[in-house]
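Going down the list, the sequences are from chains A and B.
In this text, residue positions in the first sequence follow the working numbering: the first is 1, and each later residue adds one.
In this text, residue positions in the second sequence follow the working numbering: the first is 1, and each later residue adds one.
Think of the hints as simulated: they come from the structure by calculation, not from any bench.
Among these hints, one or two may not hold up.
[Claimed, not checked] To spell it out: a stretch of chain B is covered by chain A in this simulated footprint if at least three of its residues, at any positions, have a beta carbon under 8 Å from a beta carbon of chain A; those stretches are:
1) 266-279
2) 299-309
3) 340-351
Note that the Cβ used here is the ideal one computed from N, Cα and C, for glycine as well.
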Amino acid sequence: MSDYVVTARKWRPMVFEDVVGQGHVTQTLRNAIATGRLAHAYLFSGPRGVGKTTTARLLAKAVNCRHPREANPDNECDICREITDGTSFDVLEIDGASNRGIDEIRNLRESVRYTPAKGRFKIYIIDEVHMLTRESFNALLKTLEEPPSHVMFIFATTEIHKVPQTILSRCQRFDFRRIAIQEIIANLAGIAGEEKIAIDEESLMLIARKGDGSLRDAQSMFDQVVSLIGRAITHRQILDALNIVDQEVYFRVTDYIDTGNARGGLELVDEIFRQGHDVKDFLAGLQEHFRNLLVSRTTGSTELIEASDVYRKRYAQEAGRFTPADLLRFQRLIAGTESAIRWSAQPRFRVEADMVQLIGLPRAQEIGTLLDSVEALKKNFLGKAAGEESAAGSASPVQSAGRTVMPNLPHAAAGSAGKVLSDAEVRSRWGEYLAEVRRQRISLGSVLESTRLYAIRGNIICLGCSNDFERSAILRNREFLSNLVGRVFNVPGRIEAELVPGEETAGSDGDASTGGQSGPESEEHPIIAAMKRELGAEPLE
Amino acid sequence: MTGPLETWPRVIGQQRVKRTLIGALRSARLPHAFLFYGPEGVGKDAMAFELARAIHCVQGGPDACGSCDPCTRISTMQHPDVQLITALPLGKGEEKGDPPLAKLSTEDLAAVREEHRRKAENPYARVSIPRANTIKINSIREVRRESSLTSFDGKKRVFIVSRADEMGEEASNALLKTLEEPSGDCMIVLTTSNRDALLPTIVSRCQQVRFDPLTEEEIQSAILGRTPTDPVHAALVARLANGSFSRALELLDSDIFEERAFVVDFIRNALSGNAARIMADIDTITSWKDRDRVTKFLLFVLLWFRDALVISRGGKVINLDQQDDLQRFVARNPDTDLLRALRVTERAISLVGRNAYIKLVLLYLVTTLHGLMPASR
């Protein structure tokens, strides 16, 4: 059972042409080999899994090979085979992370003096060279500047910034690039063909994208898919196997935002967690979704969107639902979530809370439309002001979203019932009414208690709410509350609720002392008050 | 009943992962490096031990019998070819290249042995060795040395690196070469609940296997299968455990009713601004002198606010038995403030985790909460 070797090792390139996506490096190296203009120290840098160690070994083989073919190793002579097996005395591959101390480097310096056993060069490949200690680097400097002519150093690292300048300036440096998706796909397709694994292009695309520029990552993913699914792989199976969040989910999120469906949002988060999706993938996907909507809205085309045609069409259709300002705010909120869940004790709670916030976010208004509606309001108000008491009008309920219109307060209804609620009576007996509500529905009673008696016009009692939750709770129970008005005051009436931010708007003497916003100075915490009084403390912020 | 549900019964749930691993075993496509990642306490180590048994069992797998000589040796941490690598305390005068256990004091050594044995016996238990914070570079060097040796019974040697994110930078880098091309026939299984804390170069060398949170049903039946428990209690614990069986085990050991009652009390006092009671609460909490316990307490506070938020939107709550209290609570507290309460509590938790002075953190929490919710008085 031990003869299985993972793809990344099994298909390690044996000639320069097979190194994927690093033509700028391999071509230069081959030219150098062909013309004999070899440097004595090379430094390969670049992200993980793009071919640094592979190229280092190829270079070692190519310069020592007995019968090189066009600057490629033949991989058949005894020297090549020894290097491949890792048994060569002339090519020493050193793990920089495990042999990072000064003693190891001193030993290395000693051994540099001896000539190679078989080949032309004695080659030291130091992988993860950034892990050497400062002393070790310094001990290397002299040797690196003027090594014996039979010695070649090849360093490889993923973290070039940790290598001292003095080392960098003594090496010929090659920067390896991230590998393009198309090149990864081609490589995987070739391997799949050799190993007789049936896989379609779209699936390869998924795997390649997950590799994020690293061929080894993509190949690991490929191995995983094969061991999970078998030798015939379809797109659908891959979605399941790699647990990729379905694009549909993101459209649901925007639907919920549009309709203000917080419950739907919470259920969606529950689904994501229950199905074992990686929540980071979900958030990243959501960001991309907002980005796609933004691109589609601002450019008016879907050219820049990486998605299949079906979804491109949907992005084109849905682009109009949100303004760019809204989309940018969504993105900012989710970006905050992404960074917060890294250290969050309960990522799930954080995602839930932010989902509720995302769905409840008030929509931005274009400044132009806002000005228009202000104008309209002004006209409306000036026209009517003469005929009405100004009390209600002047305290115009403003709401940030600007979606709610002023409540229609029909005066006509008053006459039909014959009797009208008297302002004084309602105010004096309001406590009775509250008690009755609480007796029948306790939670609703508590909500009502925190609202204010805002205005009484005709037989309509208008309650001032400090937030949307209270308002919707009252509106949901409007019928019940209105009926109760009839029973308590013996006059048919209706309950209305209105959002009234801020504290002292209407001159009502409502019993509850709801402060709308949490005014920091409105009421001090007893402990803080005591600290100020007893110790003369002053707030820092 | 020979369906997939019957395989590897010692590991709870995780059907998808079991299928992957058994598939790899059957088709002999076992890679030499695995990375098991997923939330805390969902069975990553348990799966690693089971995989080791499946490889070494005399019956030849993919099912391990659990009773043959190699299987029992693995379960008692006595199999020479299956090794557990965890964080260890640093020995006195320990130098690089020393075997990781060589310089430990007798007590430390005994603690390590005991904890490892416990882990092998019940992999869902949390290993807690005093003064052990990181996986030592010497432990990793030992892995490298040992990985080149031939095995005792001719099968793969297995190294389980539990909580691999506890490797420091040096240790991680020292593992890179072995992880890519081990010299002998071996398999290295890294497990972590924090994949982001690993070097990308480590992650890229492993075949990654994601573990999902366990479902409530899975946890509930696992609890009932192991110890006789009241089913209603088991259901509550299963929900509170939030997908983690290790957490469920801890909850079973504690009095969840009393703890949560204290939490509700604490929140009520904080909101009402009753200074005397608040100070009494804070004194109680600081008198525990146990940072982990404070964190757990604050997590319950967080949970309460979360439930309050969710119940006001008609979602599913976790504190199943406290729904009425929650309803009453949200009727009084506007939800914009709940969002802020969640933020503040989260911040308090992270401060406690970062070694802040606990009394100050609690003061910060209660005063901010009080300022947030004037409506509750």
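Confirm or reject the coverage of the segment 266-279 of chain B by chain A under the rule of 3 or more residues with a beta carbon closer than 8 Å to the chain's beta carbons. holds (count 5)
Check, residue by residue, whether the segment 340-351 of chain B contains three or more positions whose beta-carbon lies closer than 8 Å to a beta-carbon of chain A, and give the verdict. This one holds; 5 residues, not fewer than the three required, reach chain A with a Cβ under 8 Å.
If you count the residues of the segment 299-309 of chain B with a beta-carbon closer than 8 Å to a beta-carbon of chain A, do you get 3 or more? holds (count 5)
Checked against the numbered hints listed earlier, the structure breaks none of them; every hint is satisfied.
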